[in-house]
Amino acid sequence: MAKRISVVVSQGPSKNPVKRKLEEDIVAGLLFENGIDVTVVPNLYDIKADGTGMLALKSINGNMIVCSWLFERAAHWVMDRNDISGHVGKVLLENDDDEEDEDQPEEDADESETKATVVSKREIPNRKIYCLDFKASTRADDFIKEVKRIQQENLVQVVSLGDVVGGGLVSNSAQQRFESPTNDTAITKDGTGIEPATVNRIENSEGRRWYPVIDYSRCTNCMECIDFCLFGVYGVDRIDTILVEQPDNCRKGCPACSRVCPENAIMFPQHKTPAIAGSAEGNASMKIDLSQLFGAPAEGKTADEIAAMERDEQLLAAGRDAVGMQGLERRHAVATADEPKDDLDQLLDQLDDFE
Amino acid sequence: MMGEFEAVFPVDRNYHRNHMWSQRQSSGTERFGFSAYAVRLLQDVYFLDWAIDAPCNITAGQEIGAIESKKAESSLYSAMSGSLVQFNENLMEDPSAINVDKYDAGWLFEMDDLSLTDDTQPLDVEGYLQLLVGVWEKTQRTIKGQMNE
Numbered sequence: 062m063a064k065r066i067s068v069v070v071s072q073g074p075s076k077n078p079v080k081r082k083l084e085e086d087i088v089a090g091l092l093f094e095n096g097i098d099v100t101v102v103p104n105l106y107d108i109k110a111d112g113t114g115m116l117a118l119k120s121i122n123g124n125m126i127v128c129s130w131l132f133e134r135a136a137h138w139v140m141d142r143n144d145i146s147g148h149v150g151k152v153l154l155e156n157d158d159d160e161e162d163e164d165q166p167e168e169d170a171d172e173s174e175t176k177a178t179v180v181s182k183r184e185i186p187n188r189k190i191y192c193l194d195f196k197a198s199t200r201a202d203d204f205i206k207e208v209k210r211i212q213q214e215n216l217v218q219v220v221s222l223g224d225v226v227g228g229g230l231v232s233n234s235a236q237q238r239f240e241s242p243t244n245d246t247a248i249t250k251d252g253t254g255i256e257p258a259t260v261n262r263i264e265n266s267e268g269r270r271w272y273p274v275i276d277y278s279r280c281t282n283c284m285e286c287i288d289f290c291l292f293g294v295y296g297v298d299r300i301d302t303i304l305v306e307q308p309d310n311c312r313k314g315c316p317a318c319s320r321v322c323p324e325n326a327i328m329f330p331q332h333k334t335p336a337i338a339g340s341a342e343g344n345a346s347m348k349i350d351l352s353q354l355f356g357a358p359a360e361g362k363t364a365d366e367i368a369a370m371e372r373d374e375q376l377l378a379a380g381r382d383a384v385g386m387q388g389l390e391r392r393h394a395v396a397t398a399d400e401p402k403d404d405l406d407q408l409l410d411q412l413d414d415f416e
Numbered sequence: 006m007m008g009e010f011e012a013v014f015p016v017d018r019n020y021h022r023n024h025m026w027s028q029r030q031s032s033g034t035e036r037f038g039f040s041a042y043a044v045r046l047l048q049d050v051y052f053l054d055w056a057i058d059a060p061c062n063i064t065a066g067q068e069i070g071a072i073e074s075k076k077a078e079s080s081l082y083s084a085m086s087g088s089l090v091q092f093n094e095n096l097m098e099d100p101s102a103i104n105v106d107k108y109d110a111g112w113l114f115e116m117d118d119l120s121l122t123d124d125t126q127p128l129d130v131e132g133y134l135q136l137l138v139g140v141w142e143k144t145q146r147t148i149k150g151q152m153n154e
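As you go down the protein sequences, you meet chains A and B in turn.
Take 62 as the starting number for the first sequence in the working numbering and just add one per residue.
Take 6 as the starting number for the second sequence in the working numbering and just add one per residue.
Calculated from the structure, these hints are not laboratory results.
Just so you know, these numbers come straight off a predicted model, no measurement behind them.
It is possible that some hints are incorrect.
[What the hints assert, rightly or not] Mimicking DSSO-like on lysine-lysine, the simulated pairs with C-alpha atoms at most 30 Å apart in a straight line are:
#1 B/K75 x A/K206
#2 A/K206 x B/K76
#3 A/K313 x B/K75
#4 B/K143 x A/K151
#5 B/K143 x A/K348
#6 A/K176 x B/K75
#7 A/K76 x B/K76
#8 A/K82 x B/K143
#9 A/K82 x B/K76
#10 A/K182 x B/K143
#11 A/K119 x B/K143
#12 A/K109 x B/K143
#13 A/K109 x A/K119
#14 B/K75 x A/K348
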């Protein structure tokens, strides 16, 4: 059976001409390939749950490749919150700095054994989602090559099944008809039976949004975020799992809750700091950050203090009273108790160092 | 100090430590924009994003938005405390006015009810030029430091 693969190109929200060109070059290049269905949608993060773009994505049942300007992790979990789920497909085209992850597979395995994450209790649909980050390369060819590699990887499974089932049992006349097809529905010469690519474009009619995205492979349901956010963004579902219930309550630009999550499971995909936007750890931005020259406050605060400051800014802007470190003091009290440092402290220290 | 680049700093307005200018408008509001120094550092502006909605109160040093350009990116902060009245909507579709006409059509936002503190006193052109000499070290460090990472 011919297997087509769906490629989604999620356009960036800015009018950056270089970014647009990369997206269009990739779409154009993919149209030359067989067996690929291309769907162009607006920025994944900004599409509303009931938006045309999201409906188009939900209609894709099999494996799919999603290219966007979001980090892989961010793209994966933005789709997951819209019920577009699947196993993480292995992508070989990565941001240069992501390679640092390769050295730490042992550590990650240990940590996931000690804390049960939300995703471990879920059933994931049996299909793969490959998330490609447009930031990984400036060359359209690199992306087209990676799409073809993934397509091959998926095709190989189909072909080998065919070999086992019907290989070697084709009659001579059938073989002749295969080699000299007599009508339009015939299998193409490369033997895969796949027709040319199609493209479906969904235009951008969305405004820009701002809301947290939970990485459920890290989330342990500790409820710190619900306790911290005073704008009602978080809630729980019927089985008491945390979810982002009122995304549009989130105060635009505020990343405070991501700083208090002990597992670093909260992402704000459009935030300028890669760690908050969902990058693999160790990723550095390609552009110079001029914030220190353009008025950024002096450095040297802990993550919790920065979070409290940001939260107060939002409370005041909304006409409410500032609360300072309220709700966070007990975390500090627990931390400074006469106990040996545990993973939580170390993680917060690491976060402080990183920032 | 800025190498070959000849920068223009009109005397009909004030300047701030975060490299923005401010000018009282006939309507009574104070208009803010980027100085030539800021624009030189940014080069071609691609995208401007405000993190808050007008009108609202803001404090000096508050992060109010972000900017992305060909070579750089940055958070944007308010130079003063007061009431943010409106943003320059023309920039949202096409921020290139910042490069082309930074002191006029490329204005960023307007405020009123400004409160002054020692930290947020606006500078005149002379004062700003002196500041530029003083921050050159920091500017070089910021840029070179990141390039070496």
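Verification of the hints:
The hinted pair formed by B/K75 and A/K206 meets the criterion: a straight-line CA distance of about 27 Å does not exceed 30 Å. Pair hint A/K206 plus B/K76 holds up; C-alpha atoms about 28 Å apart against a cutoff of 30 Å. Only pairs whose Cα atoms come within 30 Å are accepted, and A/K313 paired with B/K75 is accepted, the gap being roughly 24 Å. A C-alpha spacing of about 42 Å is found between B/K143 and A/K151, which places the hinted pair above 30 Å, so the restraint is violated.
For the suggested pair B/K143 and A/K348, the alpha carbons sit about 18 Å apart, so the restraint of at most 30 Å is met. The suggested pairing of A/K176 with B/K75 is violated, with an alpha-carbon distance near 42 Å, which exceeds 30 Å. Of the supplied pair hints, the one linking A/K76 and B/K76 holds, its CA atoms being roughly 15 Å apart against a limit of 30 Å. Our distance criterion of 30 Å between C-alpha atoms is broken by A/K82 and B/K143, whose separation comes to about 35 Å.
Restraint check for A/K82 and B/K76: the C-alpha separation of about 17 Å stays at or below 30 Å, so the hint holds. This hinted pair does not check out: A/K182 and B/K143 have alpha carbons roughly 51 Å apart, beyond 30 Å. Among the hinted pairs, A/K119 with B/K143 is inconsistent with the structure: their alpha-carbon atoms are about 50 Å apart, more than 30 Å. Straight-line distance between C-alpha atoms of A/K109 and B/K143 comes to about 43 Å, which puts the hinted pair past the 30 Å bound.
At most 30 Å may separate the alpha-carbon atoms for a hinted pair to count; A/K109 and A/K119 meet this at roughly 13 Å. For the hint linking B/K75 to A/K348, the alpha-carbon distance of about 8 Å falls within 30 Å, and the restraint holds.
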